Structure formats: structure tokens, C-alpha cells
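Undergrad: What follows is the residue order along each chain.
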Amino acid sequence: MTDDHELDILITEIFDYHGYDFSGYSRASFKRRIDRIYQLDGFGSFEEFLSRVRFDRGYFERLVEEITVNVTEMFRDPSFYKVLREEILPALRSKPFIRIWHAGCSTGQEVYSMAILLEEAGLLSKALLYATDINQSVLETAKQGVFPLSLMKDYAENYRDSGGKKDFTTYYFANYGLAKFDERLSQKMVFSQHSLVSDGSFNEFDLIVCRNVMIYFDKELQDRALQLFDDSLSRLGYLALGTKETIKYTSVQKKYEQLRNEKIWKKIN
Amino acid sequence: MEENQLSAPRYVVVIGGSAGSLDVLLQVLPLLENIEKIAIVIVVHRKNSDDNILEELLRMKSGLHVKEIEDKTLLKAGRIHVAPADYHLLFEKDQSLALDVSEKVQYSRPSIDIAFESAAEAFGQKVIAVLLSGANSDGTDGLLAVKKLGGIVVIQSPVTADVPYMPAFALTHLVPDHVLAPIAIADFINGLNGGF
Numbered sequence: 000m001t002d003d004h005e006l007d008i009l010i011t012e013i014f015d016y017h018g019y020d021f022s023g024y025s026r027a028s029f030k031r032r033i034d035r036i037y038q039l040d041g042f043g044s045f046e047e048f049l050s051r052v053r054f055d056r057g058y059f060e061r062l063v064e065e066i067t068v069n070v071t072e073m074f075r076d077p078s079f080y081k082v083l084r085e086e087i088l089p090a091l092r093s094k095p096f097i098r099i100w101h102a103g104c105s106t107g108q109e110v111y112s113m114a115i116l117l118e119e120a121g122l123l124s125k126a127l128l129y130a131t132d133i134n135q136s137v138l139e140t141a142k143q144g145v146f147p148l149s150l151m152k153d154y155a156e157n158y159r160d161s162g163g164k165k166d167f168t169t170y171y172f173a174n175y176g177l178a179k180f181d182e183r184l185s186q187k188m189v190f191s192q193h194s195l196v197s198d199g200s201f202n203e204f205d206l207i208v209c210r211n212v213m214i215y216f217d218k219e220l221q222d223r224a225l226q227l228f229d230d231s232l233s234r235l236g237y238l239a240l241g242t243k244e245t246i247k248y249t250s251v252q253k254k255y256e257q258l259r260n261e262k263i264w265k266k267i268n
Numbered sequence: 000m001e002e003n004q005l006s007a008p009r010y011v012v013v014i015g016g017s018a019g020s021l022d023v024l025l026q027v028l029p030l031l032e033n034i035e036k037i038a039i040v041i042v043v044h045r046k047n048s049d050d051n052i053l054e055e056l057l058r059m060k061s062g063l064h065v066k067e068i069e070d071k072t073l074l075k076a077g078r079i080h081v082a083p084a085d086y087h088l089l090f091e092k093d094q095s096l097a098l099d100v101s102e103k104v105q106y107s108r109p110s111i112d113i114a115f116e117s118a119a120e121a122f123g124q125k126v127i128a129v130l131l132s133g134a135n136s137d138g139t140d141g142l143l144a145v146k147k148l149g150g151i152v153v154i155q156s157p158v159t160a161d162v163p164y165m166p167a168f169a170l171t172h173l174v175p176d177h178v179l180a181p182i183a184i185a186d187f188i189n190g191l192n193g194g195f
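Line by line, the protein sequences give chains A and B.
So that you can map any letter, position 173 of the first sequence is 172 in numbering that gives the first Met the number 0, and since no number is skipped, the others follow by simple counting.
So that you can map any letter, position 131 of the second sequence is 130 in numbering that gives the first Met the number 0, and since no number is skipped, the others follow by simple counting.
In short, the hints are calculated from the structure, not lab data.
Certain hints may be false.
Said to hold, decoys possible - With a Cα cut of at most 25 Å, we get these calculated DSS-like pairs of lysine-lysine:
no., chain 1, residue 1, chain 2, residue 2
1, A, K247, B, K92
2, B, K60, A, K262
3, B, K75, A, K247
All figures in this text were calculated on a predicted structure; none of them were measured in a lab.
Bound-form chain A, shown alone:
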């Protein structure tokens, strides 16, 4: 198991050799991810691990993938999607153009969920979904829109719980244990590498979705990310976070109004 001192060294080395800054990550989560990979890959000593991280680019990429948790599903927390379907998308209907940013999109399940909601609301044609992640390899998966077929049963159930009325199987083609989502959905998506730690705002959005990403950040980095979202949201735009996240006690709070007790905030000035 790594100790605090070793973690500090690792964070410094990663930054010096690869330019990724993990100093603002929640320490307990970061430590757990590192301990896990250290154990899985059977390193004999911390020095051996460190040297691999420094010089083996491929290994470093695997490390990043392991540190940045990529567990996601379609229509995760169906009640959240129900609110999007029933309240948020109708509020955006009058816009000539709808821009949505999925920050920390991982393998893209939430982006495809959103595209389905937009299509069912008749809004997909005037929408554009920007999906970003720090990790290039998950973006490749997201771009393909190909997920294990075995997950579709759970996804279909979530979809129904979110208020979906269609036959969920009409959204994908099944083949050899895989489900490929219809390209009419991915046509409206733009995938790009972006770091909430070091990159800035790149567009103005009507809705920013960043769920269960900032839970891995410490308070300071959370503030940075929230400021970035604030800079990137149009007036009356919406910010959607994970079910256990909040903007309470942060500097941007006063500019936002929470939608009842949902984890959705509207920018009011």
C-alpha cells in the first residue's frame, strides 16, 4: 500500500513526465485507485512502479484510465432523465439551436441517453452534443457507440423508468454480443479531449451535464471546474450534477437557482 509521501512523489512525477495534474484529486479516491492498480499489476516496489509510470507511455495511459473511474450507464438515475424530459428540454424548445456539453463523458452512455431524449422531443435536429473527457481511449468507445449487448436489459429498464415509451431495441443494432447505437444519434455528437483541471471554456452552452465527475476532485478543484462551467453557460442555462453533488457553499452558488431538490441549477444572472 502506498503512503502519503509516495503519493505526493507520484503526483509530481506524473506532472513532470506527462503533464497531467492529479494534485487536486480527492486523496482517498486517488490512493484507492493507485493501490488497486499497484496490486493488480503485481509491482515489487514503489520504485519499480514509479519507473514504469515515468517511461512507459502505454502503461501511463492505462494508469490514467484506472485513476479516472469510467463506470457509467445509460439513463443512470432514471428520475434525473425524467426531469430532463419533462422540464428541461421543454424549456429549451424555443431556442433556435441547443448546445449541450457532457463534461467527463467517459464511454458516452449519458450522451447517447441525451440524444434519445432529444430525438423523442423532436429537438435532435437543432441540437449539438459536445462530449469531452480527459481520457482519449474512452472517447474512442464513445464515438463508436458500441456497448455490450448484455447491458441492454438494464439500460432498457432505466429508459422505461425515465418515462421512455418506445421499444428501446429500436435504437440499436445487435450483433455478436454487441449493441451499436444508430448513427443518426451520434451524428449530432462532437467528441474531444478536454481536461477540467487545466483547459478553459471553449463554447457557450444551454445545458452542461457533469455527473459523478467532480466527486473525485477536492474542494479547490471543484471550484475551478464550477467556474469553468459558469463561464461556459448561457444566461438561463442549466447545470446538471450527480445525485449526491451540490454547488452549495461554492462561489458560483449565488448566480444559480436550484430546481426544487433536483441536482439541476439554472443560471439566473
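Here the structure of chain A is known, so what remains is to put chain B in place on it, guided by the hints.
TA: Chain B alone, transformed into the frame defined by chain A:
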């Protein structure tokens, strides 16, 4: 705000349970008194839902300050913190609680092992880990970590557990500091404050 008046807890009691543990909690929590120097954290396996029925129930029955943990909630003495369904719970040294949606461990999220291990790493000897009734082997690895880092390990006596598998499994892997029936667990926690 009241937030600032509460000092860091002297002890962190982490209670892990699965099938059959709710009844034990409903028995133990109402018996607690003088816990103003102790922070209590409950990590139970439960179905993901939007409601706060568990928190409501525990609050009603115990009369204590019971709240579901959100991202970076601060650990407070005198309070019962309840881990949310479908997130792992981690402890930071600055007393904040971190959530994590990484893969399930032993088919569980929250994983009792992860919570115990993380509490032990953050708070060492201040940790009291209590393992209750349950139908799987979650918790044992976590108890080993707590023991190794100087904390106190308490296991519900399997004969008093509705589903004895989980405490019995732990008992085959380690020697706890105490094996206790529910009422004795409450007495033990109450006794922590008097110890100083």
C-alpha cells in the same frame, strides 16, 4: 453557523451491515446517549432509490441527527452519517467524506470493506468498526485493515444475527476485540465517551 461549533470527533464508529442489519440498527441507535464526541457512520447494502426512507426511519426511532452523506460532507461528532446507495464511501484525513462510483467490490456498492479500510487509513486508532448481520463476506478484509492500523473491531455475535453468515465469516478470519449482542453494542459505544 452551527457547522463550525462542532469539533473533530474523538472516535469514528463505522457500522457495516447487510441483510438483517436494519433491525439491529433500530435496536442499537435508540439506546445511544452522550455521543457528542463520536461520529457514527452507517454503511449498509440497500437498493438504490430516490427516497430517504432509511434515514427517516433511523431519525424517527433514535431521535438523533441522522443524515445521508453527500459529496464532501464533513464528518461531525454527535451525528449519524448514512452512506448513500450505489456509491462507495471513502474517508479523507481532513474529515470530509468522499464518494466514488467505481466498480462494485464483492457485488457490493457501497462496499463495507472499502469503507472500513479507508476509515482505518484516515483515522487509525480512532476507528471502531462494527460488523453486523449479513448474507455475504463483505467487511472481513476491512476489519483486518482496521485491526492492523490500531482500531477496534466489534462483531455482532452470530447467534444474535438474523443472517449470521457475514459476522461468522469474519470470525473465521480474525480475532475481534469484542463479539457482542446488539444491546451490548450500544453499551460499548456509550462507554467510549466515558473512557476519558
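Undergrad: The structure should be examined with respect to each hint, and the outcome stated for every one.
TA: To see whether the hints hold, each was checked on the structure:
A C-alpha spacing of about 22 Å is found between A/K247 and B/K92, which places the hinted pair at or below 25 Å, so the restraint holds. Restraint check for B/K60 and A/K262: not satisfied, since their Cα atoms lie roughly 29 Å apart, outside the 25 Å limit. For the hint linking B/K75 to A/K247, the alpha-carbon distance of about 18 Å falls within 25 Å, and the restraint holds.
Violated hint: 2 only; the structure is consistent with all others.
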